[in-house]
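With chain U's structure known, arrange chain B on it following the hints.
Number of protein chains: 2
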Amino acid sequence: MPTSSLRPFDPERDLVLQRVIPVPLAKVWEAWTTPEQLKQWFCPLPWKVVACEVDLRPGGVFGTTMRGPAGEEHASEGCYLEIVPHKRLVWTDGLGPGFRPAEKAFMTGILELEAQGSSTLYTATVLHANSEIRQQHEAMGFHQGWGAALDQLVAMIQA
Amino acid sequence: MPTSSLRPFDPERDLVLQRVIPVPLAKVWEAWTTPEQLKQWFCPLPWKVVACEVDLRPGGVFGTTMRGPAGEEHASEGCYLEIVPHKRLVWTDGLGPGFRPAEKAFMTGILELEAQGSSTLYTATVLHANSEIRQQHEAMGFHQGWGAALDQLVAMIQA
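Read top to bottom, the protein sequences are chains U and B.
Residues in the first sequence are numbered from 1 upward in steps of one, following my numbering.
Residues in the second sequence are numbered from 1 upward in steps of one, following my numbering.
To be clear, the hints were calculated from the coordinates, so they are not data collected in a lab.
Where is the CB? At the ideal position from N, CA and C, for every residue including glycine.
It cannot be assumed that every hint is accurate.
Residues on chain U that point at chain B, a partial pick, calculated with CB under 10 Å [what the hints assert, rightly or not]:
1. D14
2. M107
3. L111
4. A129
Chain U on its own, in the form it takes in the complex:
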């Protein structure tokens, strides 16, 4: 049973981006799980991912370092929680590699993919501890940011 069955979507605490994108599912999975590809699309321009670590197993590291236009850097390190190839990817920054608790948790991300012919139904759900953190994430530009990154992902695959 997928963990999505554990608790339903909670509009008070979760954010979701759902879209049908005109690229094949296998390519989307690859874009999400290959460091060289993540570097190309994961962060909306003008920010760029300059380093990326992927150890695709539960407890394995998912780390990115983003660099801004003025050279400022922001590193984040979390771990994967659930990997169902071509279907479902779950990761969090609430635990680091080896499942060690992080100093501070912000979110758990759930990517779900479903083939629709040669297109893909793409659902990214983000879970937060409470509605305040959800609102903070929304105000930081969740929809615009994750949407722009998704545009970059599609453009990369279509190039």
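Chain B only, in chain U's frame:
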């Protein structure tokens, strides 16, 4: 590859209780994964576990409510991260059911079992975010508390 291979034991941030106990491995696994049994041993007397929820899958709830001698109650809710029957059980309070980030993380627990004839090599490792939280947990009586609970587990199986 077990996640224990991801990061070695860190004496600055981790705590460990290791002991060979004179009871068979299968009974120890059962004691750790059955609510009715957890209620009997998990909390050192005079505190008692009065409610216990176990959903043994990654992201599934592990919740306990403890009641003290004066009737005071302490509830905690986390989730399982990795389940390798009869070998390895990993859970955390840094994420709640469905992997939702918790308001506050204290620890990730790793139980590892290895048969030694009719006895069991029992290793409980607890990971913390930093050395301050590790020290706090040690000062709370980690070794005495987890040791007393383990004595209760052995006594329950031998009864």
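Going through the hints against the structure:
1. Checking D14(U) against chain B by beta carbon gives a least distance of about 9 Å; that is within 10 Å, so the hint holds.
2. Nearest Cβ of chain B to the Cβ of M107(U): about 6 Å, under the 10 Å cut. The hint holds.
3. Checking L111(U) against chain B: minimum C-beta separation of about 13 Å lies over 10 Å; hint violated.
4. Taking 10 Å as the C-beta cut-off, the interface hint given for A129(U) holds, the closest approach to chain B being about 5 Å.
In the structure shown, a violation is registered for the earlier hint numbered 3 alone.
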